[in-house]
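Here the protein sequences line up with chains F and A, keeping their order.
In terms of my numbering, the first sequence has 141 at position 140, counting the first letter as 1, and numbering is strictly consecutive.
In terms of my numbering, the second sequence has 136 at position 135, counting the first letter as 1, and numbering is strictly consecutive.
Please keep in mind that the hints were generated in silico from the structure rather than gathered at the bench.
Below are the SDA-like pairs computed for lysine to any residue, each with C-alpha atoms no more than 20 Å apart in a straight line:
1. F/K147 <-> F/E157
2. F/K18 <-> A/D65
3. F/K52 <-> A/I17
4. F/K147 <-> F/F79
Listing some non-contacts, in silico: residues in chain A with all C-beta distances to chain F over 12 Å:
5. R29
6. G78
7. F79
8. T115
9. D128
10. A155
11. N160
12. G163
13. A166
14. P174
15. V177
16. R198
Every residue, glycine too, gets a C-beta built ideally from N, C-alpha and C.
Number of protein chains: 2
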Amino acid sequence: MHAPKSRNITWSHSAIKRSERAERNGHRSAILWFTGLSGSGKSTLSRHVEKALFERGFHTYILDGDNVRFGLCRDLGFSPESRTENIRRIGEVAKLMLDAGVIVLTAFISPYRTDRDVNRELVEDGDFIEIYTKCALKTCEDRDPKGLYKKARAGEIENFTGISAPYEEPLHPEIVIETDAHDVDRCVERIIAELTRLGIVPA
Amino acid sequence: MHAPKSRNITWSHSAIKRSERAERNGHRSAILWFTGLSGSGKSTLSRHVEKALFERGFHTYILDGDNVRFGLCRDLGFSPESRTENIRRIGEVAKLMLDAGVIVLTAFISPYRTDRDVNRELVEDGDFIEIYTKCALKTCEDRDPKGLYKKARAGEIENFTGISAPYEEPLHPEIVIETDAHDVDRCVERIIAELTRLGIVPA
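Build out the structure end to end from the sequences listed, making use of the hints.
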């Protein structure tokens, strides 16, 4: 088909609505914002939760240090200002993925309450699910999966959350998971149950 | 089911592979990088191409000025350095969406060849499809959908591509669309045909 040549085309716009994507996917999208100390289980839990959701046929994605700190945020360090900018950018990317119909899981310490709340405000009520992986500092330090606490105690890492920088606990997180009290499967089960209760995931 | 309480959990990792997402979705993901002058039809064409892909059941998303410049990149202006950082961040977000299984369309002038090539290098061969919306400056200026050329000519906008800032044409774009020679439907048809030929979209 050859259409007529035209230099005065009506360049109209169209866009796919989020509701159309949700209908297609069979589930609504959401941001599952994991927050907690280093070693509290954010990364592990988010991966297991993603796997469980993916296996149910949902569209999912994880943003974590592995795919963000070396890419989008590779110009940022760990000063308070840089942490804030880091979390801001992640919030904006999560919002785009939310709009794209994805259940996006983020796994960052995100120690400042204000930064998390700013991201919550970016989206509509019910879109931002704050999941606090609550765990005693002592347990996190015993786990020390990356050897970071040891380095922080030795003064080799500055601004380390829990040691030389603050962690501000969530005041009203949608979900609290005590990762030093339950094993991974139980934690995942509880999160999925909460997501169902919140209407993110169909029962 | 109550699992035993444990303080020494094996916090193993798992992740969904891109190939698993592609299998689920029934199509591979890709970055469709539209580039061209203001008014050359990037935004309109990308929206129509997205609609066509979405209607075929594919997972799609558009990154454009509307959802990026006011969010992720709202701290950036239009100096050469800011433009480069703008395009860098968009490239990184597009890469994340690619990894999430999405056919992501980007619609930015992206005037510098180096910036586009940096983003091409971020991903694997065949993932980055550069689509040049080729259109005479005169035609773009006649269209002037946002009245920007008029302001640029009046000196009210600095660093305006094509007027007071350079546009570097792609040397080897995967697709060239002459938007002053064909209407929208014809352009969309050609792009979909090319995407099929390139193996992004099943025939």
